[in-house]
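Quick mapping for you: the protein sequence lines, in order, are chains A and B.
So in this note's numbering the end of the first sequence lands on 277, straight run, no missing numbers.
So in this note's numbering the end of the second sequence lands on 1320, straight run, no missing numbers.
Just so you know, these hints were derived from the structure itself, not from any lab.
Errors might be hidden in some of the hints.
No more than 27 Å apart at the CA atoms, straight line, and that leaves these computed lysine-lysine pairs for DSSO-like [said to hold, decoys possible]: (1) Lys194(A) with Lys173(A); (2) Lys1034(B) with Lys144(A); (3) Lys144(A) with Lys1050(B); (4) Lys1034(B) with Lys59(A); (5) Lys1044(B) with Lys174(A); (6) Lys62(A) with Lys1034(B); (7) Lys174(A) with Lys1202(B); (8) Lys1238(B) with Lys112(A); (9) Lys117(A) with Lys1294(B); (10) Lys1177(B) with Lys1202(B); (11) Lys1023(B) with Lys1050(B); (12) Lys1044(B) with Lys142(A); (13) Lys1177(B) with Lys1023(B); (14) Lys142(A) with Lys1177(B); (15) Lys1050(B) with Lys174(A); (16) Lys142(A) with Lys1053(B); (17) Lys62(A) with Lys144(A); (18) Lys112(A) with Lys1034(B); (19) Lys7(A) with Lys59(A); (20) Lys1202(B) with Lys1213(B); (21) Lys144(A) with Lys1031(B); (22) Lys142(A) with Lys1031(B); (23) Lys1198(B) with Lys173(A); (24) Lys1311(B) with Lys173(A); (25) Lys1223(B) with Lys1311(B); (26) Lys173(A) with Lys1238(B); (27) Lys1213(B) with Lys144(A); (28) Lys234(A) with Lys1238(B).
Listed below are the residues making up each chain.
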Amino acid sequence: MSIKINKNTIKNWSEKAKKIRLETLELSYRCQEEKAHLGGMLSMVEILTVLYNGVLNIKDVKNWAHRDRFILSKGHGSLAMYSAMHHGGLLTDEEMAKDIRGEDTIIYRHSKLNQEKAIEFSSGSLGLGMPYGLGLALGLQKQKADSRVYVMIGDGECNEGVVWESVLFAGSKKVNNFCVIVDKNNIQLDGYTKDVMPVKDYGEIFKSFGFEVLNIDGHDFHEIHNALTLKSDKPIAIIAETIKGKGVSFAENSVNWHSNVLNSELLEIGLKEVNSL
Amino acid sequence: MKKYSNQEIAELSQFAPREIISKVGYVQAQKDDKFIIMYSDIGKSFGVNKITKEFPDKCIEAGISEQNLVGMAAGMSNLGYNVFALSYAPFITSRVLDQIRVYLGYMHSNVRLIGIGGGLTAGDLGATHTALEDLAVMRTIPNMVVVSPCDCLEYAKVIEAINGLEQPVYIRLTGGKVGEMVYEKDYDFQIGKGVVLKEGRKIAIISNGNITKEVALAIDKLKAHGVFPTHINMHTVKPLDTALIDSLHNMEHIVTVEEHNVLGGLGGAVAEHLAEKNCHPKLTRIGVNDEFFKANKATVLREKAGLSCDKIVERILNLK
Chain A
1 MSIKINKNTI KNWSEKAKKI RLETLELSYR CQEEKAHLGG MLSMVEILTV
51 LYNGVLNIKD VKNWAHRDRF ILSKGHGSLA MYSAMHHGGL LTDEEMAKDI
101 RGEDTIIYRH SKLNQEKAIE FSSGSLGLGM PYGLGLALGL QKQKADSRVY
151 VMIGDGECNE GVVWESVLFA GSKKVNNFCV IVDKNNIQLD GYTKDVMPVK
201 DYGEIFKSFG FEVLNIDGHD FHEIHNALTL KSDKPIAIIA ETIKGKGVSF
251 AENSVNWHSN VLNSELLEIG LKEVNSL
Chain B
1001 MKKYSNQEIA ELSQFAPREI ISKVGYVQAQ KDDKFIIMYS DIGKSFGVNK
1051 ITKEFPDKCI EAGISEQNLV GMAAGMSNLG YNVFALSYAP FITSRVLDQI
1101 RVYLGYMHSN VRLIGIGGGL TAGDLGATHT ALEDLAVMRT IPNMVVVSPC
1151 DCLEYAKVIE AINGLEQPVY IRLTGGKVGE MVYEKDYDFQ IGKGVVLKEG
1201 RKIAIISNGN ITKEVALAID KLKAHGVFPT HINMHTVKPL DTALIDSLHN
1251 MEHIVTVEEH NVLGGLGGAV AEHLAEKNCH PKLTRIGVND EFFKANKATV
1301 LREKAGLSCD KIVERILNLK
């Protein structure tokens, strides 16, 4: 799906992004028992906004089987994905009001596959979104579908070996309906990625495996949209430079906010800051 | 289910177990639009050349990357493809256990995993290539069907029986040689229903996989000693045919024989079931006693594990 971008589009996306951030904070506040992965949720809000409001073709029910697929492999950010799906018209107010655990809900902290709701993957075990998404991409190609598969992974997640098995396959076999987005927010659980597992240049690595690579500012709507809609005869890797915890001062670029408990006081501060963006 | 003539069975006996998927798969590839066969640089061992030549679109070479293989298989399966993923037994089970747990278990991707070299078959290649824990780990994945056919006929029947089955399946292949057949005539096969190969008394031997042939030979030898055990081919380890086990309640002794660690496989499954009964026949599990062997021929390793015909005879005669 390709749309023309004008001032109104950007304004609309900015408003959506704000709402997604606010809802992500509210959802994170529900996670008092186990820390919420707030930082990595907020870093991908702009990308999710554009995906669900101008890129992913998943609203045409008649072509449902041939819809585009979005796999959030860094599934600890699922709450932000639901918020984006909510504001993209895919999840209802009622569904969002349900609990984040238990039998009677679909918005688990790590997504659980629900194809009818376009929740495409059961996440939680890092790296696993890549081969699964690649399998979907191959299957859709065999069905002659004009669909694409987008897999979002974290830069910390790139430590997982299976990521590179998939990258090798996709690159060497030119699976050109497969697009990887690396949310490069530079922090993982144990610290800064530069300390845990420093990597000089992800773009160069993907390129050497046969990918078309785009390095973008992961908070710039124009750059995001251009990258997500680029067509190539190769698979695409979008290395999105982002800010972990983007939009909330205490969480921005903070290792402590890879995952943490958002108490009521911090929630208020967060909501206020996002509202004033 | 297809009925096999004696001639067709004789033809099947000309194949090594690992080649059967190509024979049966070729037929399936001809009629099934959704048939996909995937392998990790091991297609040649499975003899897939005929399929790759005629149906290149239905074959995917994943290279040596089982984790990616199983993930891609899962993605395609959830789009409605009938996907067979092939590798060595340890590499298509234990190596990718997290993938199996998440994709095939949690996400209900109904992939068919086929592992060659189950048990001690590939013992010459060392402990990395023997799968002695695969049944145990696969049994614990919810919804997984776990089958260990005893010969090429049974294997062909398994592939036919799982057609359309909306569950993931692991097929464990044991025995590397051509012509090691248990069945000479056609028989009724159903997933989850054990087969009584021989009716006997006092002792019931339950086996599966290629070792079933050794057990059958052992039972022949036991005649001379006045011992006439019942023999059951429990090809499906999960779901286990508990009704058939329950029907053995009047036996004095149940003996499981498997080319697997005695922990967690066929013997483990039978033990778990029996242990919940108020009273049951005494149980003896014959298999590999929780150890790794140094590389050697499968026949030598079977001897070491007490799984050769003579060792089985000896063990049965010394049951207490």
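Quick rundown of the hints versus the structure:
| no. | hint | in the structure |
| --- | --- | --- |
| 1 | Lys194(A) with Lys173(A) | violated (31 Å) |
| 2 | Lys1034(B) with Lys144(A) | holds (13 Å) |
| 3 | Lys144(A) with Lys1050(B) | holds (25 Å) |
| 4 | Lys1034(B) with Lys59(A) | holds (26 Å) |
| 5 | Lys1044(B) with Lys174(A) | holds (24 Å) |
| 6 | Lys62(A) with Lys1034(B) | holds (21 Å) |
| 7 | Lys174(A) with Lys1202(B) | violated (63 Å) |
| 8 | Lys1238(B) with Lys112(A) | holds (26 Å) |
| 9 | Lys117(A) with Lys1294(B) | violated (52 Å) |
| 10 | Lys1177(B) with Lys1202(B) | violated (33 Å) |
| 11 | Lys1023(B) with Lys1050(B) | holds (9 Å) |
| 12 | Lys1044(B) with Lys142(A) | holds (24 Å) |
| 13 | Lys1177(B) with Lys1023(B) | holds (16 Å) |
| 14 | Lys142(A) with Lys1177(B) | violated (36 Å) |
| 15 | Lys1050(B) with Lys174(A) | holds (25 Å) |
| 16 | Lys142(A) with Lys1053(B) | holds (18 Å) |
| 17 | Lys62(A) with Lys144(A) | holds (16 Å) |
| 18 | Lys112(A) with Lys1034(B) | holds (26 Å) |
| 19 | Lys7(A) with Lys59(A) | holds (24 Å) |
| 20 | Lys1202(B) with Lys1213(B) | holds (21 Å) |
| 21 | Lys144(A) with Lys1031(B) | holds (20 Å) |
| 22 | Lys142(A) with Lys1031(B) | holds (17 Å) |
| 23 | Lys1198(B) with Lys173(A) | violated (52 Å) |
| 24 | Lys1311(B) with Lys173(A) | violated (51 Å) |
| 25 | Lys1223(B) with Lys1311(B) | holds (15 Å) |
| 26 | Lys173(A) with Lys1238(B) | violated (37 Å) |
| 27 | Lys1213(B) with Lys144(A) | violated (48 Å) |
| 28 | Lys234(A) with Lys1238(B) | violated (43 Å) |
Going through the hint list in order, the structure does not satisfy hints 1, 7, 9, 10, 14, 23, 24, 26, 27 and 28.
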